[in-house]
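First to last, the sequence lines map onto chains A and B. Quick note: the first sequence uses this note's numbering, first residue 1, plus one each step. Quick note: the second sequence uses this note's numbering, first residue 1, plus one each step.
These are computed hints drawn from the structure, not numbers from a lab. Don't take each hint at face value.
Calculated cross-link-like contacts (lysine-lysine; reagent style DSS-like; alpha-carbon spacing at most 30 Å) [unchecked claim]: (1) B/K106 to A/K28; (2) B/K106 to A/K23; (3) A/K28 to A/K292; (4) B/K106 to A/K24; (5) B/K194 to B/K106; (6) B/K194 to A/K292; (7) A/K292 to B/K106; (8) A/K23 to B/K194.
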Amino acid sequence: MNFFHLTFLALALVFVALGLRSKKQAWKYARWTLISLAALVVLSPFAWLLAAIFKDRSVLNEYVFFPPLGKWGATMNLNNFRDLFQGRPSLRGTVFFWDYFLNSTIYATVTTTAQILFSSMAGFALAKYEFRGKTALTLFMLGSMMIPGVLLLAPLYKMVVDLGLVDSLAGLILPSMVSAYGIFLFRQACISVPNEMIDAARLDGCSEFGIYFRVVMPLVRPMAAAFCLVAFLSHWNGFFAPNIFLHSQDKLTLPVVLNLYLSEYRRNQGVFLAGTALAMLPPAALFLALQKEFISGLTSGAVKG
Amino acid sequence: MATATAFRPPKPRTKGIGPYLFLSPYLLVTAFFFLFPFFNALTLAFYQTNGPRSRIFVGFENFRFLLTDRTFHTALKNTTLYAIVSVFVQLPLSMGLALLLNSGSKRIRGIFRLIFFSPNLVGQILVGMIFSVLLLPRYGLVNRASQAILHWGLEINWLGDANFIMPAIILVSLWLWVGFNMVYFLAALQTVDKSLEEAARVDGANPWQVFWHVTLPSMRHVVVFVVIMSIIGSYQLFELPLTLLNESNGLGTDNAGLTLITYLNYMAFRSGDLGLGSAVGWVVALIIFTISLIQIRLTRAAED
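With the sequences and hints as input, model every part of the structure.
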């Protein structure tokens, strides 16, 4: 018998007691208890991480989460971050942790911006124009979503080498400037824009690009926000392609570097955990900002389809 | 004339090269960085290469090698096991969680949805890094919790013992993906016609029957979508084992954590045989394509 068993026992007793009074209430209680327990399981690694990055390496395993408040002075410090931020010598001069942060930011931001712009343009064209080859192109776009990206990685790598773009962010960004998934989402969103609005804008002398930019884009903004997050997340956290395409220490992105730190700091885990925690912040901030649009946008494609 | 056109329903019209201009960035990038490598991948699989620059035509030799390579079979077995668990354990858990959350006020639902989705913000590499510490024998949070609750598992070497490597990967994947799929199921549950469920209930159906015969069929499009997405994702499992099994370069003791993409990565980008890597890529693509097709056919058949 320990704390956990007593807690479970207490929860079960409450359930039985409620069940004697009203069955409906007991089930409601059971439901929310289960949900809360699941939430606890999901959140505990985050709580653990938050404690681990501030604990001194000597006490990392001594306390599961935070040490008792009275001992914070002796056990909590910023040593992990100090080690993390230390410059490292490399063939291209000293590299700092912020350099990787910058690389990741450039890679994720440029790719996301390009994908939103180009995918929305293509999605708009496929949704609102009649032209030769439209059906074939739509089918091709849907079919290309089924092709796993890794299949193309070997020949793509060869191409990037031939183009002389290997070991540069450009070689990483160029091939991923459009997304079939993005086109699919924007096409779905643009279809629901009323044709009358587009025709009215056209009668008023609005150019075709003006219609796209000033009439349609503002109306599909929720989708743009949702796709923005999906694209940013997948490139910020992207590992496979950056790991293959980038070689020099000063060009690496965060996931690639953190993966290297995993073996480098095997005896001092607090350092790579601190890096991990920092790498989580930008996606979390973007997610909180776009949360509402994200959920509706992410699911609308699937629910409609 | 003017009145005749006015009464015609407005139709999207061709405006010269307009649509092609809007599509041009997509067409350019796709032709260059999708179609070209795609056809290259087709031919590359029939060559033996040594790095990106040298190649020899070997016909079906790469595929024959895969047929006989025990290591490849291990990778195929591990990945398939993972895919099966994803569909039959992870998705039911996601659905269960979605059903639990389906009632309750919108605000509370939103908060829990945010919590359950949060692991997905982290990315597989970072999740793998965190759990490589959480699963350490004696000190890991998972081991300690398991010891406290079940009196079992404190000394389990999840990431070193060949028997526990796949269970560990699956455990982490549950933490990561259950909430993600739940978001889809929850959204779909919101669109299910409540009066149909009510009618079934009035006719004396128990909650399970209502779910199985009314709720599930009316959200089948989303279920099919999520199943296919999970299978596609499962067969591309790579980053989680790579970071979790960092000490053995993602392979695990006795290759117990070897997946198809780990194998591809190893052959193509470490040994430099891009041809063999392409062949593995085609096998993965073929598996995904076949399963998706069967899945879609089965659903069609069930609808008719």
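Going down the list of hints, with the structure as the test:
For the hint pairing B/K106 with A/K28, the CA-to-CA distance comes to about 16 Å; that is within 30 Å, so the pair holds. For a cut-off of 30 Å, the pair hint linking B/K106 to A/K23 stands: about 24 Å separates their Cα positions. Annotation: proposed proximity of A/K28 to A/K292 holds, straight-line Cα distance about 27 Å (limit 30 Å). Restraint check for B/K106 and A/K24: satisfied, since their Cα atoms lie roughly 20 Å apart, inside the 30 Å limit.
Of the supplied pair hints, the one linking B/K194 and B/K106 holds, its CA atoms being roughly 17 Å apart against a limit of 30 Å. Proposed proximity of B/K194 and A/K292 is supported: the alpha carbons are some 24 Å apart, at most 30 Å. A distance of roughly 12 Å separates the Cα atoms of A/K292 and B/K106; the hinted pair therefore holds under the 30 Å criterion. The hinted pair formed by A/K23 and B/K194 meets the criterion: a straight-line CA distance of about 22 Å does not exceed 30 Å.
Of the hints listed earlier, there is not a single one the structure fails to meet.
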